[in-house]
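Chain A is fixed; fit chain B onto it per the hints.
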Amino acid sequence: MQAALVRFLDGDVWHSFRKSPMAITAAVIAFICIFCALFANWVAPHNPFDLATLELGDARLPPAWDEEGKAKYFLGTDDQGRDILSTLMFGARISLLVGVASVLLSVVVGVALGLLSGFAGGKTDALIMRVCDVMLSFPSILIALLIDGVGRAMFPNAHDTLAFAVLILAIALPGWVPYARTVRGSTLVERHKEYVQAARVIGVAPARIMRRHVLPNVLGPVLVLATIQVAQAILTEATLSFLGVGVPPTQPSLGTLIRVGNDFLFSGEWWITIFPGAMLVLIALSVNLLGDWLRDALNPRLR
Amino acid sequence: MNSTSTLSSPRSDATEQPAANRDADAALVEVKDLAKTFEVSAPWLNRVVEGKERQFVHAVDGVSFRIERGKTLALVGESGCGKSTVARLLVGLYAPTRGTVRFDGQDTLAALATPAGRALHRRMQMIFQDPYASLNPRWKVLDIVGEPLREHGLVGDLPALRARVAELLHSVGLAGADCEKFPHQFSGGQRQRISIARALATQPEFLVCDEPTSALDVSVQAQVLNIMKDLQRERGLTYLFISHNLAVVRHVSDAVGVMYLGRLVEIAGKQTLFSAPRHPYTRMLLDAIPDIHMSGRARTPVQGEVPNPLHPPSGCAFHPRCPHADARCAQERPPLQSLPGLQVACHAVAEGRI
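Protein sequences, first through last, are from chains A and B. With our numbering applied, the first sequence closes on residue 303, and no number is skipped along the way. With our numbering applied, the second sequence closes on residue 354, and no number is skipped along the way.
Only chain A is shown next, with the shape it has when bound in the complex (with noise of 0.2 Å):
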């Protein structure tokens, strides 16, 4: 493990962060929200899910720099009184959550799916190949409103927790379909390379040459795509919450903060709309800075 450490620190990437201005700044903002997002409940001034502490008359406030703002809520705060700053963290953490945790399983499922039919190749491949032809002839956010919508009906007492398994399951099934296709691309190039035939010379099986000698050889370019897929995810976990369909009103996304928000903007309280908006344009810009960064980072062609 220290050795890895030494030899990233030691390694090209690591030189190339160093002297990219752009990519350390992204990677800062990217870190701060983060960290306020997965820190919340220390962090935030106020916990805007404990009823105990709000106050009504605090409702609607500005920010604290206007004059009719209080010191105590920095952004101002929305119609039940809770604290802008406040419900923007928590509402990161849920968008960040949701955007990490659908992007892991299109990844899971893409890297699989993609290994597979570039290493089986055949029917296996063109039947893999066809189903992702379908996927992209859809828009992504038409197949994640059909699965969200069938699974409301389905459960529509549903708790959380399915909730959210739901909206996860109706973002992800849509992305998979890149990283099958990059993964199969990369995983014709290295099959026919000589330490993948050597190994099967040796006589290991091809499920192992698949996870030991592919697998690791074609996680380039997936790591570039996940990370730029994950402002997408966010920015697509936002729309569904934004039309309604997303994330439970008990937990508010960033895209829900928007939707509530919205429906003050013109009365003239465009805090409540604008932060929440500001906060996700702030996450996705940065997360898709650091993926344009990675990606020319590990392309040894613009080196």
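Please note that a few of the clues may not be correct.
To be verified - Distance condition first, Cα-Cα at most 30 Å in a straight line; then the derived DSS-like pairs of lysine-lysine:
(1) B:Lys181 <-> A:Lys193
(2) B:Lys52 <-> A:Lys123
(3) B:Lys71 <-> B:Lys270
(4) B:Lys140 <-> A:Lys193
(5) A:Lys19 <-> A:Lys123
(6) B:Lys52 <-> B:Lys181
(7) A:Lys19 <-> B:Lys270
(8) A:Lys193 <-> B:Lys229
(9) B:Lys140 <-> B:Lys32
(10) B:Lys32 <-> B:Lys71
(11) B:Lys181 <-> B:Lys32
(12) A:Lys19 <-> B:Lys181
Unchecked claim - What follows is a set of in silico ranges between Cβ atoms, one per label pair, in the way DEER data are often shown:
(13) B:Arg138 <-> A:Pro156: 43 to 53 Å
(14) A:Val189 <-> B:Gln203: 53 to 63 Å
(15) B:Ala350 <-> A:Arg208: 49 to 59 Å
The hints are simulated quantities; they were obtained by calculation from the structure and are not laboratory data. We put the CB at the ideal spot given by N, CA and C, even for glycine.
Chain B only, in chain A's frame:
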């Protein structure tokens, strides 16, 4: 086919009659009528829409030879003549379209499919051409060389594995401490020696070497070849040595097979082949070697191009380039005929025209 059955019958009951055919007993590897066809057709939809036909490349087309225990057979020929395909067929990387490979009396293709036959993987190994592609870039040398040992359960625990890998590395002239390094920390020649160490790990009897030195520079080639010859002397290894470098072949081999467009055109002992080549193609190849001692002799440069293997010429595949070709050569494919000390597939030689 008839000749195959008559040849194989005395050997199959060789256990009852030990003195039956000593020559056949000595052959470790025996290849009969081996062929491999690859489909290179356009995708199904294109074929249907554009009315194209299915296309096949006959990479290897009816090759037969045998290698005696402890000897080296070299296969030579131009690029694309099917040398590497033969190598891959022998170790089971490809399934043959036709023909058999027998290793120590058992059919390798049938044996490799059975669980017990997996032990056959231990007895034959392969050394690959490109030392940069044949080692997994993410694995340490310990894991690379140790993989066959682990796979076949030949070592108990980690210390035993380390000791065995260090021993193998010593045998190819590397240090035991190298096992903690990654492949990119080695030069091409060192990598090829790691590759040899991996191939030796299971103590195989038969090594298939697919152009093991062609990716190395000349000074390192000699080093790798000498290690291979030393190992052959010490362990009685049998080699199939694929190369397009005739100087290397002359250095390492006992017998030489010349391939042209997937067919074996001549096979003979090293001395015979280099001193008195019979097949016109072999002569052409040997004449193409620049040699200071032959400076007075007229050289026939290799003429023409290798034909498209998708549409090989009729009859003898070499006839469009052959100075001795006649009408029969263009129609009838010459069989591999045994002459004293060699086998050759040529009508002109058989008819005594050359």
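Taking the hints in turn, this is what the structure says about them:
1. B:Lys181 <-> A:Lys193: It holds: about 21 Å lies between the C-alpha atoms, which stays within 30 Å.
2. B:Lys52 <-> A:Lys123: At roughly 21 Å apart (the allowed maximum being 30 Å), lysine 123 (chain A) and lysine 52 (chain B) satisfy the hint.
3. B:Lys71 <-> B:Lys270: holds (11 Å)
4. B:Lys140 <-> A:Lys193: holds (18 Å)
5. A:Lys19 <-> A:Lys123: violated (47 Å)
6. B:Lys52 <-> B:Lys181: violated (52 Å)
7. A:Lys19 <-> B:Lys270: violated (60 Å)
8. A:Lys193 <-> B:Lys229: holds (27 Å)
9. B:Lys140 <-> B:Lys32: Since the Cα atoms of lysine 140 (chain B) and lysine 32 (chain B) sit roughly 40 Å apart, the hinted pair is violated (cutoff 30 Å).
10. B:Lys32 <-> B:Lys71: Holds, because 18 Å separates the two Cα atoms, which is no more than 30 Å.
11. B:Lys181 <-> B:Lys32: violated (43 Å)
12. A:Lys19 <-> B:Lys181: Holds: lysine 19 (chain A) and lysine 181 (chain B) sit about 28 Å apart, inside 30 Å.
13. B:Arg138 <-> A:Pro156: 43 to 53 Å: holds (49 Å)
14. A:Val189 <-> B:Gln203: 53 to 63 Å: About 33 Å separates the Cβ atoms of valine 189 (chain A) and glutamine 203 (chain B), which means 53 to 63 Å is violated.
15. B:Ala350 <-> A:Arg208: 49 to 59 Å: Given about 51 Å between the Cβ atoms, the range holds.
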